[in-house]
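Asks: What follows is the residue order along each chain.
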Amino acid sequence: MSGRTQRGRQSPMIYSWREHWFWWAVTLGALTPLAWLGWRFWQGTLGVDPVNTINNETGRAALIVLFLSLACTPLTIIFGWRRVLTVRKSLGLIAFAYAALHLANFVGLDYAFDFDLILHDAVLTMPYILAGGLALLILTPLAITSTRGWIKRLGRNWKRLHQLVYAAGVLVVLHFLWQAKAAEREEPLIYAAVLALLLLVRVPPVRRWLMTQRTRLTHRKPPLGHAFEQAKPAK
Amino acid sequence: MVKITPSEITPEHVFLNRRRFMAAAGAVAGSVALAACSPATLNRSEAPATNAEPALTTALGSERLPEALGFAEPTASAAQDELGDPLNKFHEITNYNNFYEFSTNKEVVASEATAFNPYPWQIEVTGLVNNPMTLSIEDIYNRYPQEERIYRLRCVEAWSMVIPWVGFPIAALLKDVAPKPEAQYVKFVTVYRPDEMRGQRSSILEWPYQEGLRLDEAMHPLAILATGMYGKPLTNQQGAPIRLVVPWKYGFKSIKSVVTIELTDTIPGATWNTAAPNEYGFYANVNPRVDHPRWSQASERRIGETGRRDTLMFNGYEDEVAYLYEGMDLSRSF
Numbered sequence: 001m002s003g004r005t006q007r008g009r010q011s012p013m014i015y016s017w018r019e020h021w022f023w024w025a026v027t028l029g030a031l032t033p034l035a036w037l038g039w040r041f042w043q044g045t046l047g048v049d050p051v052n053t054i055n056n057e058t059g060r061a062a063l064i065v066l067f068l069s070l071a072c073t074p075l076t077i078i079f080g081w082r083r084v085l086t087v088r089k090s091l092g093l094i095a096f097a098y099a100a101l102h103l104a105n106f107v108g109l110d111y112a113f114d115f116d117l118i119l120h121d122a123v124l125t126m127p128y129i130l131a132g133g134l135a136l137l138i139l140t141p142l143a144i145t146s147t148r149g150w151i152k153r154l155g156r157n158w159k160r161l162h163q164l165v166y167a168a169g170v171l172v173v174l175h176f177l178w179q180a181k182a183a184e185r186e187e188p189l190i191y192a193a194v195l196a197l198l199l200l201v202r203v204p205p206v207r208r209w210l211m212t213q214r215t216r217l218t219h220r221k222p223p224l225g226h227a228f229e230q231a232k233p234a235k
Numbered sequence: 001m002v003k004i005t006p007s008e009i010t011p012e013h014v015f016l017n018r019r020r021f022m023a024a025a026g027a028v029a030g031s032v033a034l035a036a037c038s039p040a041t042l043n044r045s046e047a048p049a050t051n052a053e054p055a056l057t058t059a060l061g062s063e064r065l066p067e068a069l070g071f072a073e074p075t076a077s078a079a080q081d082e083l084g085d086p087l088n089k090f091h092e093i094t095n096y097n098n099f100y101e102f103s104t105n106k107e108v109v110a111s112e113a114t115a116f117n118p119y120p121w122q123i124e125v126t127g128l129v130n131n132p133m134t135l136s137i138e139d140i141y142n143r144y145p146q147e148e149r150i151y152r153l154r155c156v157e158a159w160s161m162v163i164p165w166v167g168f169p170i171a172a173l174l175k176d177v178a179p180k181p182e183a184q185y186v187k188f189v190t191v192y193r194p195d196e197m198r199g200q201r202s203s204i205l206e207w208p209y210q211e212g213l214r215l216d217e218a219m220h221p222l223a224i225l226a227t228g229m230y231g232k233p234l235t236n237q238q239g240a241p242i243r244l245v246v247p248w249k250y251g252f253k254s255i256k257s258v259v260t261i262e263l264t265d266t267i268p269g270a271t272w273n274t275a276a277p278n279e280y281g282f283y284a285n286v287n288p289r290v291d292h293p294r295w296s297q298a299s300e301r302r303i304g305e306t307g308r309r310d311t312l313m314f315n316g317y318e319d320e321v322a323y324l325y326e327g328m329d330l331s332r333s334f
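Respectively, the protein sequence lines represent chains W and F. Everything in the first sequence is counted per my numbering, starting at 1 for the first residue and increasing by one. Everything in the second sequence is counted per my numbering, starting at 1 for the first residue and increasing by one.
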């Protein structure tokens, strides 16, 4: 989504360096759970039930990284941190990668590619599987169309298409919530609250209000006061 | 139970280390004697895991003697259950435990449970009985010969293990307390020690944990009180020093660290059943045809394997226990 932030073109070199530094730090940070999982897999320290460990770790990583990608715009609206928009695309793609690994583990290691069993035992009887599958189904075209070429090709529709990520976020929370026991709903409910906040910031009146608040507070400190406006994609 | 044929006999590395629990007949009170098989006894057909074997009288031929109640290393008499499936490893069984008294994370329970000091332990058998008793673990060892039972454990979460328990039929204990004619149910209660069990300081479940069986279910010879596993006393995370094991029911029925057994004439409250009656029934018999509201129970993953196994009716003990539920609609009485 952030393929057009035009690093360095509108900023002095030093700012460009800072942007790169930030991009690398966040991207590598988002890949850390994958590296850690790979290391434990290599070392054979994934615990008593590796299938379950991989399931939980990839699932949680997918959700958190997806939510970080959804937090980019709110952070820009509230704080004017234009820089965070540069990591939105890489976070979205990494979230998709975790979700794909999550599915691969489910299909390959948990169900050993027994598609008949997956259909009858899982998809048709477990609503949370359906929600998770649907979320991944939504994320797939978003990942494919994240390139500059697709952004150009789709024009206005690109933004509409990518607004589906909100639906994916809701489905992911439902997926997590519906599989949890009554005693273990705390974590998914926290994610639900976080998602609600991230979506709330996007509601146009809320968004406008937050932006005027920020401008009022920071207008004495140019040029970051108009950062969000500057970061808006060129038409 | 199915006889295990000689061809399925224990592999060499296991039988060379073979140890047996036996009643401490003539031994120091409160201890459990160790009897090692001599090589001459190894070629006989294994007795089925659920039969009380005659205590092996071979002399203590090993240089490794039991310390107090435990053995030097985990041992079992066979390498697989009567269906031919291998036992789960000791470290798997002791590091993957649903025991919310310590943690909701199955792989953290073992370390949290080090704070628990079960001994000395008293178990009270009370309620509608003519002969109420309070027993220490030593009393239990002295009164009831401990035998090995290799059982499948099927968790309601759709994973399973094969575990070589050591214990005794709860029927023996129930006969000793002489239930009154009006007794119909057996209630079990876990110890309540929030100082040692940090999970009990939170309100995720109602404490202390409780479970219940119908009296005829509890009297079934497959239902045991376990005191050990792999020839060693139960670890804290498994429900030391004594727990219920009902192999044809989901694991949560097999209540751990039991302090009270009470015979009642009304159906006892069971913790998970009370917490979510639509998800966890009182009977909780393993049944591939009755799904949990949020997931299927038709298949399960054996710990240590990838892929799924078909879940068996009554966890594979259908021939032994199905008569207990004749005429009942198991999709309603789940």
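It is possible that some hints are incorrect.
Claimed, not checked - 30 Å max Cα-Cα, derived BS3-like pairs, lysine-lysine:
{"no.": "1", "chain 1": "F", "residue 1": "K89", "chain 2": "F", "residue 2": "K106"}
{"no.": "2", "chain 1": "W", "residue 1": "K181", "chain 2": "F", "residue 2": "K89"}
{"no.": "3", "chain 1": "W", "residue 1": "K181", "chain 2": "F", "residue 2": "K175"}
FYI, nobody ran anything at the bench for these hints, they're computed from the structure.
Asks: Keeping to a limit of 30 Å between CA atoms, is the pair of W/K181 and F/K175 held or broken?
Replies: Violated, at roughly 38 Å.
Asks: Is the Cα-Cα distance between F/K89 and F/K106 30 Å or less?
Replies: OK: F/K89 and F/K106 at ~16 Å, within 30 Å.
Asks: What's the verdict on W/K181 and F/K89, does the C-alpha distance respect the 30 Å limit or exceed it?
Replies: Judged against 30 Å, a Cα distance of about 27 Å means the pair holds.
When the structure is compared with the earlier hints, a violation turns up for hint 3 alone.
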